[in-house]
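Can you make the complete structure from the sequences, with help from the hints?
4 protein chains.
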Amino acid sequence: MEKRILLTECSDDMGLIAKITNCCFNHHLNVIRQDQFASDEDHKFFMRSVLEGDFFYADRFLADVKSVLPEGAKVRLADNHRRRLCILVTKESHCLGEILMKTFSGALNADIVGVAGNYPDLSELARKFNVPFTLVSHEGITREEQEKRMMEVIDRLDCDYVILAKYMRILSPEFVNHYPLGKLINIHHSFLPAFIGAKPYQQAFDRGVKIIGATAHFVTNNLDEGPIIEQDVIKVNHRYDPKSLAKAGHDVEQMVLMRAISKVLDDKVFIHGNKTVVF
Amino acid sequence: MEKRILLTECSDDMGLIAKITNCCFNHHLNVIRQDQFASDEDHKFFMRSVLEGDFFYADRFLADVKSVLPEGAKVRLADNHRRRLCILVTKESHCLGEILMKTFSGALNADIVGVAGNYPDLSELARKFNVPFTLVSHEGITREEQEKRMMEVIDRLDCDYVILAKYMRILSPEFVNHYPLGKLINIHHSFLPAFIGAKPYQQAFDRGVKIIGATAHFVTNNLDEGPIIEQDVIKVNHRYDPKSLAKAGHDVEQMVLMRAISKVLDDKVFIHGNKTVVF
Amino acid sequence: MEKRILLTECSDDMGLIAKITNCCFNHHLNVIRQDQFASDEDHKFFMRSVLEGDFFYADRFLADVKSVLPEGAKVRLADNHRRRLCILVTKESHCLGEILMKTFSGALNADIVGVAGNYPDLSELARKFNVPFTLVSHEGITREEQEKRMMEVIDRLDCDYVILAKYMRILSPEFVNHYPLGKLINIHHSFLPAFIGAKPYQQAFDRGVKIIGATAHFVTNNLDEGPIIEQDVIKVNHRYDPKSLAKAGHDVEQMVLMRAISKVLDDKVFIHGNKTVVF
Amino acid sequence: MEKRILLTECSDDMGLIAKITNCCFNHHLNVIRQDQFASDEDHKFFMRSVLEGDFFYADRFLADVKSVLPEGAKVRLADNHRRRLCILVTKESHCLGEILMKTFSGALNADIVGVAGNYPDLSELARKFNVPFTLVSHEGITREEQEKRMMEVIDRLDCDYVILAKYMRILSPEFVNHYPLGKLINIHHSFLPAFIGAKPYQQAFDRGVKIIGATAHFVTNNLDEGPIIEQDVIKVNHRYDPKSLAKAGHDVEQMVLMRAISKVLDDKVFIHGNKTVVF
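Chains as they are written, first to last, in our numbering: chain A, 1 to 279; chain B, 280 to 558; chain C, 559 to 837; chain D, 838 to 1116.
Bear in mind the hints are in silico, worked out from the structure with no lab data behind them.
Nothing false has been slipped in among the hints.
Here are the simulated BS3-like pairs of lysine-lysine, each with C-alpha atoms no more than 27 Å apart in a straight line:
| id | chain 1 | residue 1 | chain 2 | residue 2 |
| --- | --- | --- | --- | --- |
| 1 | C | Lys833 | A | Lys199 |
| 2 | C | Lys793 | A | Lys247 |
| 3 | A | Lys74 | A | Lys275 |
| 4 | D | Lys928 | D | Lys1084 |
Simulated DEER-style distance windows between Cβ atoms:
| id | chain 1 | residue 1 | chain 2 | residue 2 | range |
| --- | --- | --- | --- | --- | --- |
| 5 | A | Asp13 | C | Glu703 | 50 to 60 Å |
| 6 | A | Tyr179 | D | Asn946 | 33 to 43 Å |
| 7 | B | Asn359 | C | Tyr677 | 27 to 37 Å |
| 8 | C | Lys793 | B | Leu460 | 29 to 39 Å |
Since the structure is predicted, the reported quantities are computational estimates derived from the model, not experimental observations.
Note that CB positions come from ideal geometry on N, CA and C, so glycine has one too.
Encoded structure:
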């Protein structure tokens, strides 16, 4: 018997859970775990059902499910194949390092198919783990040209997700729109919406906060404003300067990014307007 | 339209979710939220379904649900009535105070129908909130006799739950067995199973731990071993002595106990052997 | 032998710790705990020394300390007297309730000398604890007039600190400037600087954050921008609406406010520009 | 000007802080940060002073400090040299991986001079970072013999600290006593003293706890009973099985171990009986 995950997203309606689980039952698919959420403010329905059974007639099953749902429903049957990740970096190694380590240990059900950076600093680290590194420098060329080259590199890798693992470049709308919403995942080094923009640790120092944090989010055209997947914080005090804040923050950043990637790879994250539903 | 909560507990089986949600659908009851869990180790199935609709034929609905479930299933339809709480105390006021405050502010969907203590210290506090206080002293009488009197006090109050809000008496099997499992809720001042037994803050001090915590659990005949509902911790350091550990721990105790009570009152807690399923 | 706390604040300089501890030694005052901090960015020195000994000649001791410090130094010898708190409220009871409970239990070394609110809702609660409540309604009068009346109420109470325990009024510069910096302590229901201004829980809901929090800070003329004393957060998810976010947030608010008050009452908080040093 | 750290440990006495800071002052050494602690229960005094100045006459300075302290005082002047770490492992890579990454990025002021394991699994990972790996298998030989070989490997490396990064072997008293107290640092995968001994995640699952954690501690002859340096926890729920508990726990383990190592390398940790003082 195989396990697959049914992902349903549609307008909310009476009896949706019954209708969908009925379809599963009729196709002899056992629901071994089911999470659902309906939003009050805009009446959207989200459901993630882990199914066990025989998926020979997956297409017919999906068609059946779709037929009982409101118009415009999105239904998908995810399987367990290893996803392909492309990692974008600048100079800081901790997020890339953690992803490499988790892939190396087998804790992450994914392959890193390539790392690309606007500086060459992390080339050595990628190569230690036999991951190809491509330098896409921004020096001496326009932002437009650098992004064009970066997109070519990414597109050649045929990846499922692009992880911005402390890639310290502001992305143009052209770059962002080149990818479907949900494909680009960023780690921001503050508990957004606090300290949007550049130098969040300097901002945190200047404001004298007693907690700092990190936010993993999908990338949209509004800088640091995309749907938040995961956040966490740590406590700090007056003894921290911007440099030690950054050092302490690195642990949160790598942990928050990893948790977000894990949730996305487990198909536990739905995008709901500018928010997420994370089961 | 009314909202009620269907609570299902049975042996796990193929298609249970479909069968139950189908019953709901047939009775024109919309499932607006559903959480379920099936245990791997002993194949138990737990489900909590928030239903919306007309419950005129609740009995027939429950019978229908039961008819599709494996033998021995427990099914219950919880409503939203204010539960009756009896609080047992000794001398420390913080847990009782927090429950009184939350009831006063309307944050807790419950009434405190009585407070009973083996010391008179908290009588004044209870009376401030017009809650009757009964002194059941242990002085000059046997444990057996004191417990007998306490049970009489509790039983006269006709309560849904008995909250041991820092009631510093070890309960005999007779006392514990006098109540159904799930009716007695205790707060223990350590992150169990660390520091079982007396003086956990002294134990924590002696061991030099860097975190202390609290555990809310259902009471069973094994001291400090009942099903855990909620736990939390705070960080401490070498500067804390047993007294300041206790003081810092009070905040965690009252918070953990309140969260546990809230979960129980929302019918989100199932007992599963010596553990809990908390939705 | 008596215990008192020496609080020193001045420009940083070579040998300050030695000079001050020397003064203590010469006056036969034993330093049983000492915390100090010197800021890198503006070279300020802060020290808190818990002294044990005989304080008959406290004035001479302070003069001696002052004589070895740079010009403009502030030196103070705090004692252990119970501070007088005035609490301002609107309608929400949880913060006031927690302060009343902690005072009642003796956990807080302070007396609540009065509660004043712009609504009468919490009058009953204050009176339960024999604390006088004064209604200073804003209805039918100008902001200026309401603030004038409030200041009169506060000033009559002769208090050490004014705690804004969910007092939902924006304060004018006249009101703020009427008190020395450090006397007004506010609890804000977000992890500032996120969600400055009104309705932070609605803002948090709209932004889809995965953590919410609270911030206790000294009040300055910049709304929600004063020196932060204490912050904490809790995790939330997509299931929370603005109302349940607020409910969950209340626990953090009361805890963060209490911790801030405790630190201030223990003379552990220095104001350093728009930040704090909290030992 | 140089920075060095004066570490003082002795019986508590009147005026110790003044005496020591005076010595610093007389030697033109500025105290830029000072943390001290005196224990109530056994009257020990611990102080860490960050000094800035000229250390040509360090020996004379230390002698002067010692002359003003009670008999039996331990005084040490730590410098900033990169410490040498030897890492012991079995099969799990996450702790070793994190140490390697932090060393690689320069976040840790230390060199890993060797990795030794009782299985060959992590040899490849160590070699990626050009760290020599030595296999010291336990197969086919006595415990005594295996430990003897391991001690030879460690001793040859001439290291400052031996980090047991998930080295899943119980150490004999001979092994432990071969090293000074404070040299061996272990990470235990539970919030000790809960779940002492083998399989803590299975124990946590069986007990149904709602938090799991990790503990970094110095190794003594009492298994899992040595002085605790750092602890932290994460929340879990009924959905976790022993395997997913372990996976979630790995993040806490590597973080807690790294924080402990950092604190030790910064000379912020004193051993105080079976506890620690961590500044």
